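Q: Below are the chains, spelled out letter by letter.
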Amino acid sequence: MLGNLRSSTSLLICTSDLSDSMANGWSIFIGLAFIALFSVASWFLAPKGDTQTVWRSGLIMSAVACYLMWAITLLAQLHPLITPLNNHLRVENSA
Amino acid sequence: MAPHKDTLFRSADMSLTQLYIANEIGREVVGALGELGSMDFRDLNESTSAFQRTYTHEIRRLDNVERQLRYFQAQMDKGNIPVRSIYEFHNPQTSPSATEIDELADRCGNLEHRIASLNESYETLKKREVELTEWRWVLREAGGFFDRARGQTEDIRQSIDMGDDAPLLHDIEHNDQGQDVQAERSLLTMNIGFVAGVIPRERIAAFERILWRTLRGNLYMNQSEIEEPIIDPETNEGINKNVFVIFAHGKEIIAKIRKISESLGANLYSVDENTELRRDQIHDVNTRLGDLSNVLRNTENTLSAELTAIARSSTIWMVIIKKEKAIYSTLNKFSYDQARKTLIAEAWCPTNDLGLVKSTLQDVNDRAGLSVPTIVNQVKTTKTPPTYNKTNKFTLAFQTIIDAYGTAKYQEVNPGLPTIVTFPFLFAVMFGDFGHGTLMTLAACAMIYWEKGLSKGKLDELFSMAFYGRYIMLMMGIFSMYTGLIYCDAFSKDIPLFKSMWEYPSDVKEGETVSAHRGDAGYTYPFGVDWRWHDTENDLLFSNSYKMKLSILLGWAHMTFSLCLSYVNARHFKKPIDIWGNFLPGMIFFQSIFGYLVFTVVYKWSTDWYALGKDPPSLLNMLIYMFLSPGTIETPLYSGQAAVQTILVLLAVCCVPILLFLKPFYLRYEYNKTRALGYRGIGERHQVSALDDDDDEGQTLNGHRESLGDDDEGTAMITEDIGHGEGHEEFEFSEEMIHQIIHTIEFCLNCVSHTASYLRLWALSLAHQQLSIVLWNMTLGNAFAMSGAIGVIAVVIMFGMWFTLTVFVLCIMEGTSAMLHSLRLHWVEAMSKHFLGDGIPFTPFSFKVLLEEEPVE
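Line by line, the protein sequences give chains A and B.
Using full-length UniProt numbering, the first residue of the first sequence is number 1, and each one after it goes up by one.
Using full-length UniProt numbering, the first residue of the second sequence is number 1, and each one after it goes up by one.
One chain only, chain A, in its complex shape:
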């Protein structure tokens, strides 16, 4: 559930980014801000009781882990040094 939540939120950020495509590198920071917001929210909104600590740490750490993964992947493709090479393209595909 957490993973899905994260992925969909990242999607949201990215699609909002697409509108101003000049700021692609900046989406890293937008994502960071979002994660921070999410973490603060989950800190306060975690259900009270015995499981509060588990909820808090679970949500925040999942958010951070997923953000790291997403950010690293985005950064790796920000200024790629190699481009895809393909020798079995179908002609109608490339058109």
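To be clear, the hints were calculated from the coordinates, so they are not data collected in a lab.
Note that the structure is predicted; figures quoted are calculated from it, not measured.
There's no promise every hint is true.
What the hints assert, rightly or not - Label-pair restraints from in silico Cβ distances:
id, chain 1, residue 1, chain 2, residue 2, range
1, B, Leu-454, A, Asn-87, 50 to 58 Å
2, B, Val-774, A, Asn-87, 13 to 21 Å
3, B, Phe-733, A, Gln-52, 41 to 49 Å
4, A, Gln-52, B, His-113, 54 to 62 Å
5, B, Gly-595, A, Trp-43, 21 to 29 Å
6, B, Gly-519, A, Asn-87, 16 to 24 Å
7, B, Glu-100, A, Trp-43, 51 to 59 Å
8, B, Ala-643, A, Gln-52, 42 to 50 Å
Backbone N, C-alpha and C fix where the C-beta goes; we use that ideal spot for every residue, glycine too.
For chain A, the structure is supplied; the task is to place chain B on it using the hints.
A: Then chain B, alone, in the frame of chain A:
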């Protein structure tokens, strides 16, 4: 200090409590506490052997009842009587009174006696029946031999006379009855005796050979197989047997044959030569068999009725007896105050459960109607409390991962809490595939949905392991779906979620190698790896570089996080020297090398090298040359790099002596300072406290008292041995120094080796991806290439194959291997950064735990 709320972050606060229990209700109190399951009783009679303890007699008696119950169980298994399962009882956790237990014990004794006698008579009868059956077979089969043999007497004599012929071997079935009288006479006149009996079939060959050799062939043996196996009443197994009749000449030889056959386990039966008499014998045997089987059936019915009655409640009896035995073993740990007729117990108990314990005790007191209350007393002690992490069904499996490595020190940071996320996440980095993740999530969801039913039934070993870790599986599955989306892999196929950042030129000829170009220079694929990398010539080139750096970055983050936990530990245990002497220099060392590496990776990624028109530097070479020749840069990454790197290397080098010397020298300084002020450690012998001057024997034995609790004599008698052999250790500088040298060397080397160890994330994820590509191409990929009817059939078959292999090889096998690697990353790479260990596990006296460990089905 007010007790904290118990969280998974640290082990729960523990208190050493003393209970003063009136002797009369000792059993009830312990029973109630066993149901509660939050007291870890200390053994106060460690010097007393098991046989000398107070309640040994009761335990023996209960042992006997348990043996009887097991005997019933064995009898029920033998008679195939179904036992009512423990899960069918509405309330298997009842606590019966002492008199009920006595009744139960008596009843079990009586029942055992009854069943044993029934069994005995049944077995005797059965043995008799077998004997009669065998006899009947002998009579039946031997008759045929006689008829044949009788006709042959003439020939036998002839053969003795003439020697050449072997008329015994001739089949002379056609001899008519008219010759009988004459033949019988001749058998007698010839002085030929015979032995008849039954022997197991596998011995027959040996039997024949031995007879032949000892008697030198002077015998005539006839045998035939009994068609149905004879049931041995002792083992309840069928044995194939043969009937034999041996004719021989002379009394001595007959005696010899008898001895041989008896020694080989044959049963001999008397058979009359006379046909008439034999017929009577058969008739007699048959009637006796009929009577016997009637009696047998009655006995059997009684026995099974008795056992069925027991089967209805034997499991609950077993549970009751097990609990009762545990109660008395616990009572044996208590000490008894003769003067006041009270039992004194000591137990570790989570501080937060004290209220519950008190109210339970009050309940027991009220029920017993006793005016003397049970006193609960908290005792201060220097002894290390046990480590207790309160788990629920979600966190249990994660905590088990950590506890399998070692018990955390009392109140240190529990790695189980971050493990809830990091374990499944690192797994998912290796297992990243949306499809496989979905399969895993579905499997976990199914197990969670049918949790109640599954936890009751009996599961096989492998499945019960998966079931135990169902919440881990759920988390692993969800994270695998996420990482699958990032890797853009679903069953090795791409997931085109967004517009690709790569475009191919429009004029492509079939089979030509083309290079894609970036569609929009400012557009980067927003989520995960661009799907256009799939099925390209150089996708491995890209994904290797990406995944390698990904694993280094994630490893760095994981290790930095783990290292920070050591800071939290140092703060909690109020050891600032651990911060200044271990955490800070260690952190600076780690960050100035690997933190810098991470920085350069990110920096290199965020620089547009083509726009700058410069060559991107190789980071691996950069890191190597940073140490080999600091200050020289071959291909620069940024300006001022040489200076930064030199400073960082110097910083790292400077940290090593700090790591090495600060802590031991500081500790020595502290020690010398306190000694100079005249303090001594309480463990030191020559120091005798003025407190111990009173003439209590127990105290002089022990030297000193460490309990700060009630000064009442009764208390002191019990608590004196707390902290025995613990106290303050003598400070030994050399030991401290050696310990720190080892720690330093280990830490510095581990920084390198552990970072490299995280590359397993890359290796396993690559292997997983390639394997799933290969599997697709070998099965479904081939099937899709076919066309027509064959294509349809091939797709169906290949789909089955692909799916089975996906589940068994890619999900189960690969999943297990990824899990083991994730386990290792936690145990070795992360926990070595902060885990102190050496805790004592909390083992509460709890019926629930007891019955889980020795399940009664």
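Q: Now tell me if each hint is right for this structure.
A: Here is what the structure says about each hint:
One distance hint, 50 to 58 Å for the beta-carbon pair Leu-454 (chain B) and Asn-87 (chain A), holds here, with the actual separation near 51 Å. Taking 13 to 21 Å as the suggested C-beta distance range, the pair Val-774 (chain B) and Asn-87 (chain A) conforms, at roughly 19 Å. Distance hint check for Phe-733 (chain B) and Gln-52 (chain A): the Cβ-Cβ separation is about 45 Å, which falls inside the suggested range of 41 to 49 Å. Distance hint check for Gln-52 (chain A) and His-113 (chain B): the Cβ-Cβ separation is about 59 Å, which falls inside the suggested range of 54 to 62 Å.
Between Gly-595 (chain B) and Trp-43 (chain A) the Cβ separation comes to about 26 Å, which falls inside the hinted range of 21 to 29 Å. Restraint check, Gly-519 (chain B) to Asn-87 (chain A): a C-beta distance of roughly 20 Å satisfies the suggested window 16 to 24 Å. The beta-carbon spacing between Glu-100 (chain B) and Trp-43 (chain A), approximately 53 Å, falls within the hinted interval of 51 to 59 Å. Restraint check, Ala-643 (chain B) to Gln-52 (chain A): a C-beta distance of roughly 48 Å satisfies the suggested window 42 to 50 Å.
Checked against the numbered hints listed earlier, the structure breaks none of them; every hint is satisfied.
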